[in-house]
Structure formats: C-alpha cells, structure tokens
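> Each chain, letter by letter, is given below.
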Amino acid sequence: MSITRRHLIRSGMLGAAGLLLAPRAGAGRAWAAAPAPQARAKSIIQVWLWGGPSHLDTFDPKPATGYDYCGPLDKPIPTNVDGIVIGELLPLLAKQADKYSLIRSMTHGINAHETAAYSVQTGRTPGGRLVYPGMGAVVSLLKGYSAGYIGLIPPYVVLTELQGRFSESGFLGPRYAPFATAGDPQQNPFVVQGVITPGISDQRQRDRRALLHQLDTLGTALKGQATLEAFAQGEDQAYELILGESGKVFDLSQEKDEVRERYGRNTFGQSCLAARRLVERGVPYITINFKGWDTHKQHFQAMRQRLPQLDKGLAGLLQDLSDRGLLDSTIVWCCGEFGRTPKVLWEPPWNGGRGHWGPVFSALVAGGGFKGGHVVGASDGKGEEVKDRPVYPADLIGSMYELLGLDPDTKLPNPEGLDVRLTPSGDERQGQGERLAEIM
Amino acid sequence: MRAFFIALVVLLATGPGTAGQQPARSPFEAATAPAARTRLDELVFARLKRLGLQPARPSSDAVFVRRVFLDVIGTLPTADEARAFIVDPSPTKRSALVDRLLEREEFADYWAMKWGDVLRVKSEFPINLWPNAVQAYHHWIRTSLRNNVPFDRFARELLTASGSNFRVPQVNFYRTVQSREPTSIAANVALVFMGTRAEAWPADRQAAMSAFFSQIGYKATGEWKEEIVFFDADKAASPAPTVPGSRVATLPDLTIVRLSPADDPREAFAAWLVSPKNAWFARAAVNRVWFWLMGRGIVHEADDIRPDNPPANPDLLAYLEREFQASRFDLKQVYRLILNSSTYQLSSIPARSSAEAEANFAHALVRPLDAEVLVDAVCQITGTTEQYSSAIPEPFTYIPPDQRSIALADGSIRSAFLETFGRPPRDTGLLSERNSRPSAFQRLYLLNSSDIQRKLQQGPKIQALIQARGDIRDVVTGLYLAILSRFPTEDELKTAASYAQSVGGNRRQAGQDLAWALVNSAEFRFRH
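Chains as they are written, first to last, in our numbering: chain A, 1 to 440; chain B, 441 to 968.
Just so you know, not all the hints are guaranteed correct.
[Claimed, not checked] Once the Cα atoms are required to be at most 30 Å apart in a straight line, the calculated DSS-like pairs of lysine-lysine come out as:
id, chain 1, residue 1, chain 2, residue 2
1, A, K343, A, K62
2, B, K665, A, K343
3, A, K371, A, K42
4, A, K291, A, K248
5, A, K42, A, K62
6, A, K223, A, K291
7, A, K291, A, K42
8, B, K665, A, K297
9, A, K223, B, K934
10, A, K42, A, K411
11, A, K95, A, K343
12, B, K665, A, K291
13, B, K901, B, K934
14, B, K489, A, K223
15, A, K297, A, K371
To be clear, the hints were calculated from the coordinates, so they are not data collected in a lab.
Chain B on its own, in the form it takes in the complex (with noise of 0.2 Å):
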C-alpha cells in the first residue's frame, strides 16, 4: 500500500501535466516514462507487454495543445491558447482542456463534417441532395452532435423517419443512396451503423436484410426538389410473406422477427441495430471514433469489420463497447475515455519503430491535417479567407466570405485548396475516401503556389507577427507560437535570427520566409 502511495506521488510530480519541465530530447516528448493511468491504457499497456513492444515516452505539453485542437474541434490553437496552456502550471490542465473543448462550437461543425463524409451530404452527383436539403440535413447533424444526443436515438431518427426532406431532415438519410434499390440501402446502412461491407456477405444474408427496407416510398410534392420519404405499406414487401397477413423478416444475426403487413419494418429494424444485445452498432461507433481521434482503427479497416479481420485488441475494443452502452451511448463520453488516456497522449516518436508497435498503438500516429483544417489552420494564421464555389446553378447557398471549411454543409461545395489536399467527394461514405497520401502537388501548393503566396505577403494577422515590436526573437517566437503552437527552441531561435541576417536584417522578408518555411515544415503539415 504505501509502495503505490510512492509510486502515485511521482507519477504525479512527473506527469505529462507538470509545468516547467524541460523536455528531454526534443520539443515533443515530456522527461517522464510512459505510465498506464487509466482502464483503458491498462488494456493497451498489457497488449504491448504481452509483444514485447514499449510504448513511446509521453507527449510534450505542446505536442499536446495542438493535437487535441486539431483531433477534437478540427481547429489550430492560436498562439494566446497554446501559450497560456503551455505555461499553465495546473497537473489537472489536460482534462480541463478537453473538457472545454468538447463544449467549443468548432465540436460541433468539425464532427457534423465527419458524419457528413459518412452520411454523404452532398448537393449534387452521385447524391443530389440538393441545396436546401443539404441544408436541413447539416444543420440537424451538427445540432444532433453539439446537444451530445445518445447515439442510439441518432440512429434510430435516421432510420425511421419519415417525412419532408426539408421539414424532416432525418429522411435524407435514404435519399443519400445512389440507387434506391433496397439491396443498397440495406449495403449503407450496414456501412454507417455496422461499420462492415455488406456486398461481402452471402446474397441470402444481404436480401434477408434488404427485406427490411423494402417499402420505402418516395413522392415528389409540388414544391421543387421537394420529396416525401415514407413507409409505403402498399409497395409488395420483399421476399414476398410466406403466409398471407404475416411477414417474417430475418436481422443480420440470423434472429427472426414477425411484422404484420401494417408494421414498418425499419422500426423492427432500428430496434435490433441498437439493442445493447446486438453488438455491431456499439462496436462500429466506438471503432470509427477511436480511428477518427487516433489514427487508425482498433480494427483496420475502421469501416470493414468483419470475422476474419480481427480487432488488434479485442479486450481494448470490448471495454470501449462495454463503456459506451453502459453510458447510454453517450459519445463524448467515449472522447473522454481516449483523449485523457496516456495512450493518446503518447508522443509520435516511436521507442523502437515497427508495424507491430503502430498498429498496437504504442505510439501517436503521424497523419496530414483533414484538407478544410488545412485550410482553416492557413487562414487562421494569416488572417485571410478562402474562395469557394460551387457548380449549382441556383441561389439557395451564400457562402459568406469569413466560411470556415469545418463548417461547410455541403459536399459539392468546393476550392481548388479542398480539391488538392484530398477531401472526400462523398460519393460512397468509405473512411477511405479521404486521402491520407501527401502528393507531390500539394507540397507545390503549399510551397510555391500564389493562393498561399498572397496569403503570406498579405495576410493581416500574418503581417501584424511580423512587424510586432521586439527584437527578432520575439517575433520567431510570435511566428513559432501561430504556426507550430509552441516555443520554438535555441537553436532555431539561432537559425532563425541568423537567416534574417543574411537577408540585410530586413525583417519584412526574414518574416515571411520564415513563415513559409514553418508553415511548409512536416510538423505543420501533420497531426503528430
């Protein structure tokens, strides 16, 4: 007892939340050895004992700052937040930050972005949505996510509504599915709600589940681009009933259920998918949030879930299932669980590099910045704005000119930046739509293009850095603090001042490439 009432002291005068320390290799990384703090680093912990692989040192107070930003609200901090929360000398300040930022509006617009990917909120081709049900659509995600609804009521108003597509936003979902065969439906909503590829199962499997989505109706009203989304209780129900006035309708974990001809059968449905019984929805929900906040999925694919694609850790993903049904499928529940574990928090340099030691989450994964947090992130910095456009000829979107790209609704609303840097098409709802590979042509965007270029020779935010009172230290500092979210060290204090040597001690372009070159760097370019 008092060997662990020792070791808990340290534990805390060491910890990641200490102020003052002095990094120990790098800006990135604490002193302090990497320590199980909660259940679920425990799960991880035991994981990486069990193969031998040691986990990374934990994350520097910086390192930290700017990745919870980006993971959690899709935002870079300003260099007043980074700074205030870098010096704040409160060993409780992780947690507290995430808990502010789970309450930030930016929440709300970054993870409505998320499911618009998943749900395909789109205008036009392949979805055609169109604008003003684009935007009833966006507007009750994003409400949906901001007031934290359970997950469960989520998916169960997807599912069943019925309705006007622009009174009952929800119906949008069935308008999301290219073809409206019920084969496909059945396809979507294994995809957004079991996280798993049902054109891999067995066609019996596949039909038995359509059957469920066989008498959905679509009428057109006298309004344009208006359309009622209904249980038509006329349409031939598909397989045909066996017996007349009953039907029997088979779930996807082979239970049998009995409707009468009045009964829509996507109630039957919802009632299965989110049944604490039925461990797909709670498996698929935490699994897609786990891969969105680190990286990659506990299974990977995070959206193919399947027998033979076995979970790096089933105890980890059982535990998380356990959590997230046991709190009534409260989400930022589950961003809690993972964000003010040590496992996220963990630096990204590896103790000893390997795909083991990735896919076991020994260590933060490096990944480029989602291309609209790109984006936001430049012009926040800068102070500018960015361009958008979209190809559809009616008036219904403005698009004001401070538009953050988080916020965006609409999917088929674009800029040439969104365009370059991988942002989802949304034509299918795959995780992997989202390009994660850094091409050739975004670092000549970033690097030489005249969008970024004007951005950086003027952009009132980034000029006001620049010609900021002080020596050049102070505005290497002022640079670093907006661009990196940190203190920058010595030697590139050094580098810095010295490169504005060389150009004649002319501190309009010393600061300039200065800027370029940070905003050009790797650590600015990835969540790390």
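Chain A on its own, in the form it takes in the complex (with noise of 0.2 Å):
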C-alpha cells in the first residue's frame, strides 16, 4: 500500500501550511508532467447526488463534533479498509472500501445550485466567454461516433431525467448531449422514452411503418434531398431500437430476480443495475441523476430514507462490475454539486436542515484505473474547510480524462473559435491542477 499524502499528515511530515503553495513535487504532479495517457478505462458512471449531499452523514463523519454537527448519525462504522470509517447508514458500502477511494477534500468554494453544478460536472468556473460541456458530452465527442463508437445506443445516456439547470453539452451543441431515457426502471417494463410504448403490438408497429412510407408525397418530391435523406436514415435507425435488438438494453427483465434485488427495488437502484447493462453494451458515459439531496429542512429523515438506498444500489453496482471483470475499466464517480453545512441548523424555519456548502466536500472514485482503499485530502475537525490537499472539480475530471486516455491538450472545438484545451490551464483553473496520483 502506498503511502498516501493522509499518512503524511498524520505522522506530521507535511504540515498545513504548505499546502497552498505552488507544486509540489511527489503526490500530486503539474499537470504537464503526467504520463502520457494510456487508457485504462472504457466507461464512466456518473452518480449524481443532485442537490448536493451532506458530506458528514456520507463520506466524511465528523463524530467528535456531537450533536451540533452530527445530529443522531453520530456514530459511523468502520469498514474492510483499516482507518478508513464512513456514515452509518452506508453499512454495505463499509464492506466494499478496498474498491472505491474518497477524497474528502473536494473544493470549488460556491454554494448555489446551478454554478456548483456547471463548476463540478465541467471543471470549469463559471463566468467568463463560454459556457463549457460537462464531462459526458466531451466524451460523447472524444469517445463517441467520431472516434470508432458503434451501436445505436447514444454515447451518453442519462437515467432518467435531465437536470434542467445547465446545458450538459455546452458550446458543442445538441450534437453531443446525452440522451434522457425519461421512465422508470423500477417500473415494469421500463418506458423508456421513444424505444418501449407500452400497448403497441410490434405487427402494428410495422403495418403503421409501411403506411408512413406509401404516404411519404414530400420525400418522393424531393427524392435525394440531404436533409430528408437525413430524416429517413434517422428513421431506420429508430425502427432498430424499437424493434431490433438494441433496445433489448434496457428491458430489465432480462436480469435475474436476486440481481435485481441486489441493487435494491427502487428508481435508483434499478438505474444503477441499467448503468451495468449500458457498460457492457460499451457505452462510453452514463449519468445516474438521483434527485432529493437539497435537504434544508427534515435532513435526518431524508438522510434514513434516501442513503439505504444509495448505499444498496452503489454497493450493488460496485460488487457487480467486479464481479462481471468490468471494474477495471469501468470508472464510478459519486458526487454532488457542494457538500451541506456542517454545522445542522436546528432553528426554524430549517429545524434541523442543512444548507449548501461549497467550501469542502466529498467524492467517491472506484474502478477504470482508480485505486481503491484510499483516502485523497482531508476537511479539517468540522468538515468545514479543506484541511489538505485541495482537490477541485478540475483535478478529478482531469484525472478521469486521463484513464480515458485522452490527451489533456486536445482541442475543444467552440463557436467563437477560441483555443480551448480539454484541461484547463492558466488564469482559467482553479489550483494547482493536480492529478490524482495518489491514487491512479
């Protein structure tokens, strides 16, 4: 086991007040130093904790704060990796710690919403001339159609809704956004959007089909027209997702009962278990929104109700992928936009809510490259500041890119024409820009 820039810490090799300078040589390299990328991973899920979880209750429990801070979840639980200890209610997550990493020092510093959310998800500030991708429509453009990606299933698919608080694609345009399946996998079957309607029968289906085309007066008149050409290429390739296999990915009833359960019989889990199936089938960036972490007011209840099924369906996920031999190219990041105030707010209106924070949170990281068993940087002792090792959105995505084998000096192609490289450099990065070596 290496040694971790943690261990330094404890042992006092490295003090607080170093850690704000200018690169450092060992744990974390300038970026230009890295190695050349060699891809390690073929696939990314993205869990997305929107709203932005606590990251005392999750990842990073503070129990010597009391109550003030902890509320009832004050008594976290070790896990199979010594010393590393997380929140309570993540008892099947204590179990699988040698898979994942945490870092706990993650850092952007803003506290609304939609900005967090551009800043983690793009690695980029906001402000400024453009508005940047997220990372899955940049990998829907590096990994998707343009760069050998085949298959009729989008590059990047999103269970089940959009966030609708920025456009996940940015200057690349529609082009690259992610496909919103829409439905819900815990029901059955899983109406995904366009590829299942329920009540159609397939000899339907293909009598409506034939009707379409003896009606077709416009696409006669206009017989080798590039845009309709366009239009009836779209068409077959529809037809393929509605009646041809590929559609076959997301009808869920193909898994085993004791799979299904395993990933817990929700909305959640379920698109976790939709995630794995979407992986094997290649697809490069998967997001899994999971709504209902903006918990100002009744935290605690959110909190027992929502982290079981975090806990089951993460855990799930995790097990499975390495199970099936697909954690190793398989990168699972889970996050929100901004971590929640330490501190709970036990006066009305909020009685015992907790607000955003943007100042410190945390991450897990497992599979596609990533080590596991480790803990990146620390909040200091009430979770409410960067204690070492800052790591900022751009770090991370940079890191992940680098699994991907992506070149961090890759052109963005933009509208205004601007040199734009896919890891932000100079004036447009916050901190250092450091891998995580760490842990890669």
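Please assemble the complex out of the two chains, which come individually in their own frames, going by the hints.
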C-alpha cells in the first residue's frame, strides 16, 4: 500500500501551512508532467447526488463534533479497509471500501446549485466567455461516433431525467447532448422514451410504418435531398431500437430477480443496474441523476430514506461490476454539486436542516484505473474547510480524462473559435491542476 | 408596351394566387413558370441568370399557407384556415394573408422568442436574469415587436437604458452578458446589432469598442435580485484619457468621438450605431430577418458578417438595407418585401439541385420546424397541452396548462420535448445554437414515445377528427387539412382507405395510425 498524503499528514511530515504552495513534487505532479495517457477506463458511470449530499453523513463523518454537527447520525462505522470510517447508514458500502477511494477535500467554494453543478461537471469556473460542456458531452465527442464508437445507443445516456439547470453539452452543441431515458426502471416495463411504448404490438408497428412510407409524398418529390435523407436514416435507426435487438438493453426483466434485488428495488437501484447493462454494451458515459439531496429541512429524515437506497444501489453496482470483471475498465464516480453545512441548522424555519456548502465536500471514485482503499485529502475537524490537499473539480475530471487515455491538450471545437483545451490551464483553472496521482 | 401588357395579363391569369388550378406535378407546386414580381425578385433572378441557375416553380397555395403561417407566426394554420385560404379565389389573397399574419398576437410571441434567443432571455445559468427580470424583459421585447417599434429605437433603448432590472426592462440587456468585462459586453453588442464576431477583430479594435462600455455600473438594492444598471461616471474610463478632462474614443469604423467626462459613452455609441451612415446596423438586421424567413442568410452564417465572408448576392443585401433605412427601420416592411416576393414563394422542389442553387435562393429551403413550433403544432392538432418545468426554486413563474411553447418567456423553463428537438440553450446568442440537424432520437420520440402516443390516442381534437361524420375519405381529408394543411391527393385517399380496410374497418385504429403517419412524415416535420 502506497503512502498517501493523509498518512503523511498524520505522521506530521507535512503541515497545513504548506498546502497552498505551488506545485509540489510527489503526490501531486503538475499536469504537464503527467505520464502519456494510457487508456485504462472504457466507460464512466457518474452517480450524481443532485442537490448536494451532506459530506458529514456520508463519506466524511466527524463524530467528535457532537450533536450540533452530527445530529442523530453520530456513530460512523468502520469499513473493510483499516482506518477508513464512513457514515452509519452505508453498511454495504462499508464492506467494499477496498474497491473505491474517497476524496474528502473536494472544493470549489460555490454555494449556488447551478453554478456549483456547472463547476463540478465541467471542471471550469462559471463566468467568462464560454459555456463549457459537461464531462459526458466531452466524452461523447472524444469517445463517441467520431472516435469509433458504434451502436445505436447514444454514447452519453442519462438515467432518467436531465438536471435542467444548465445545458450539459455547452458549446459543443446538441449533437453531444445526452439521451435522457425518461420513464422509471423500477416499473415493468421500463418505458424508455421512444424505445418502449406499451400497447402497440410489433405487427402494428410494422403496418403503420409501411403506411408512413406509402404516404411519403414530399419525400418522393424531394428524393435525394440531403436533409430528408438524414431524416430517413434516423427512421431506420429508430426502428432498430424499437423492434431490433439494440433496445433490449433497457429490458431489465432479462435480469434474474436475485440480481435486481441486490441493487435495490427502487428507481436509483434499478438505474444502477441499467447503467451496468449499458456499460456491457460499450456505452462510454452514463449519468444517473439521483434526486432529493437538497435537504434544507427534515434533513435526517431524508438521510434515513435516501442513504439506504444509495448504499444498496452503489454497493450492488460496484460488486456486480467487479464480479463481471468490468470494474477495471469502468470508472464510477459519485458526488453532488457541493456538500452541506456541517453545523446542523436546528433553528426555525429549518428545524434540523443543512444548507449548501461549497468550501469542502466529498467524492467517491472507483474502478477504471483508480485504486481502491485510499483516502485523498482531508477536511478540518468540523468538516468546514479543506485541511489537506485541496482537490478541485478540474483535478478530478482531468484524472478521469487521463484514465480514458485522452490527451489533456486535446482542442475542443467551439463557436468562438477560441483555443480551448480539454484540461484547463493558467487563469481558467482553480488550484494548481494536480492529477490524483495518489490513487492512479 | 402592348407586349408588356399582354405579358402582365398572362402573369395575373396564371399567377400562384389563381384559384382552381390543377397542380402540375405534385401538391407542392403551382403549374406556372416562376417570374420576377418585385424589385427584390429582379435582383435574385438576375443573379440566378448570371449563374445559369433555373428557379423552382412557384409554390402551391397549400404550401404557401403552411409556410407563411409557420414562418411569420410560428403556428400551424388550423384546418379551417388552410381550407379557407386554398379555396379563396381572390388573386391578392397571398398578400392579404401576409398583412393579416403580421397583425396576429402570435407574431409578437414568435418574434419575441427569436429575439429572446439572440438577447438570451433566461433566468438561470449562465445568464442569471432571474424570473421576474425575465418576465419584465420579455414583456418589453414582445410589446416592442408587437407595436413594430422602429428598430433603431429598439436598439438605442437597449444600449442606453439605466435603472432597475424590474422597472426598466431594457437594462437587462447588460445583465445577460456572462462576464461583465467591457470586452465581453462589446462582443455581445457586436453580435446582436452588427451581426459580427468581435472575437475575430484585432485586439486594438476590440479595446476601442470596449471603451464605450467601460463605465457601466451595477448595484444591488434591498429587494431580492433587484439590480440597478447605470452610467458610472466615477468608474475609470478605459482606456484612460490622455488629456485630462476630455475623452477620445474610437468607433468600430475608426471614426473618433470626443466625450466629456460627464457623457455616457453608450449614448455616443448608440447614436453612431443607428446612424444611416453606418452600414453595419441595417445590414445585420435585414440579413437576420432574411435568414429567419428564408432559412439561410444572404451572408451565411447570418451572424458572421465580415469582409472575408461576402454576401451571396451583394445587390440584394444592399437593396434591403436601403429599404430598411428608408422605411425608418420598419421591421414589418422588411417582412412584407420578402414575404410578397416570388422568391419567397418559390417551391422547395429545385429545378436542378445544387449547393449554388441553395445559396442563391433558387428554391425554398427545407428546414425542420423549431422545437417550440413543432410541439405547439402537435398540441394544436391533438387538442392537448404540454408540461413544462422550471428548476428554479421560487414561485414567480406560473405556467398555465395551455401555455404555448413559442410564448414562453424564459429559456430556463424546459420540457423533454424542447430538449430533444434542439431548442437553443440561450448560452451565447449565436444563431447556430438552434439545432437544425434532425436526430435519430427526435424520430424515436415522434414515432414511438408514450407522450406522442398519448396525445394521438387521447387528444380531444384528434378524436373528433377521427370520429367525424361521413365516410373514411372525409376523415382522411380532415386529418390532412389539420396536420399537413392541404387536401389529400387521389392516390393518398386510396392508400388511406385501403389501410382502413386492412384493419377491418376499425376506424379508430385506422384514424390514429393515419394521424400518426402524417405527424411522422417529412412533410410535417419540415417547413418546405
């Protein structure tokens, strides 16, 4: 086991004072000095805890801070990795800490949902001239159809709804926007928008398609017109999904009950299962938008309801990916746009809520070349600030790009024709641009 | 003289407005040959002749009525409107329809939507106007367009206003710039009113224009999300004055203006911008309108005007500029010039297809309906409504159930349909943000989504059409008029009737499948 910065901190070899100094040797090398990227990951599953989960109640517990900070959740549990302790409502994930690493020093300092979500998903600071694409859209560009990806399932799938706070594809435009499934994978069938329509038999699908062709008067008059040709091709592809094999990826009834059970019989759990099936088909980027973490009020009630779902779904996913030999080539990352106020807001009108907290929060990363069983960075004693090793969104995203084998200097096309690189540098970057060398 | 008179009579007798004509080749074209009717046409046709290009035939009445409704008011004609127009024998019915449409309330809705894209009217990221400023701003834009406020006044008010974002809606112009650096503001002004990308200018010219926007102040008030935009004389002018007490600034055409420290430099810029001596303003505006109506700018891309991107037809562009200036920046006058031309009214079926023919407007362009227009059309046909959502956690924005998509004020209000069909995110104000590439997922949505299925199966209007009295031919005719805005051909009637027979005379299923097929046809999806 390598020596992480956390160990160094513990043993007093590094002091907090040195943390904000310019690039250091060792744990975090300057980005330009990173080794030539070697593709280790083929797919990424992003578990997005939409609204911002509390870091104290999940991956960065602070039991010593007492009731004011912990509320009733003050008994964190050990994991199967010595020294790593996580929230008490995550017992299944506690058994799998060897598979993932925790970053306890994520930071961007933003406390508003839409700008924080933008920051965490694009690795860029809001403002400036451009609206950057989220990671999924970038992967769709660089690992999608123009990079040899084949298949009718689009390279960037969102289960099940878009967030609706910013445009995922940014300046890359709608061509790289995600396909949002809609529907609910917990229901039978999982009514993926456009792919599954209950009540229309396959025979009727074929009959009315024939009618559509017979009545294509404009198409006949404009034979060979490029736009209409593309329109016709779109139809062929659509029917491959409707009637062909491709659409079956969303048919979760093909899975054994026991497997479905292991992920949890709820929308999030079954979304995790659908994500695994998409990874098996080679889809490079899948986002699961898990709602309900913006807990200004009734925070602890929400945690008792949400965290067991997260625990079962995510633990089921990691175990299943691992059992199928897919974890080595699949990155799973899980966080929200920020953490939550470490000190519980007991006063009215919150009555036991937590607010937005951008100064420090946690992220879980697993697979695809990330080592498991490590903790990167640390927050201070109350989980209010970064104590060690600040990790900015760009550091995390850049590390994932590296594991996908993408060159950080890849130019991204944009309408203004500006020189935009995959990984931000100079003024456009928060922090020093350090890859997560400790866990790669 | 006599020969001319005869030619004119022949033209009138066979013109596209003549009723009762039999379509020559398809329901889409008139039987006549194309002919120049206006000065605009002469300029287009002269260019075509020089290039050896043949114009398409005139469009049929059915194509015209659908096209002009969609282009001018972003709304599909109802079956009654389509039928009434097609059977109207008046030779002047096309220009009469244009006049009527320009006065419809939907005209204001639709063009406020188009300008909302350019001006980036949006509550949330990255614009952050917030809902009540969005409502105020949208209302002002819509009212200006509805009242046909001269476009120079429209621009001048946006550029020079000061005050609260809630009470002086025009000031929101400066609040839609993501970065409030003078360079970014100048680039936004250049894009919106000069149709050009200042990012590509030499740095000194960018800096010179930025100087006019370097003294804009912003301050908060006690009211939540209220912000005052004002001329801040205390803010250091940039670049700094060389002679104390005086300021010299350079306009984009390199004219030099002298300003006293008390002068708001935005005034000087706006005065220059709308002056008839400055070609940028009128050119950008008419080229935009031409792009919106014709599907391609005379300068293409329509918001990328620069010396090394010449117009396809310089005489045509110059003519429109002059007319716009002579009309005192009357936008509706530009619409009339274009819509009443033979050029606009040509069929989309090319005499001979080529990139050159397309770039020189030898035929109408086929382009997908805007996402908003498409969803409104589907709702209109079926008698259903669409659900919208806003992620913004505050109660200012009430969305009534019969909300039309083209009338949505706020780019932050979304629906799955609008996302799928390429509605622009209003991030940049670039025209290219509106996606016009049809995707497989758009097809999937229309072909097979439960949303569309539900509308077709349960929509009261579509059910009424399917259950209408009369035989299957009447039902088919009703569906064609409602969905494709035309009568079915004899062949189509036969095909539909035999389909109805094949499903055992189950009129409900036959009607639904027919409606489904028409909604999924290229003819419905595209403006043509």
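> Of the hints stated earlier, which fail here?
5, 6 and 15
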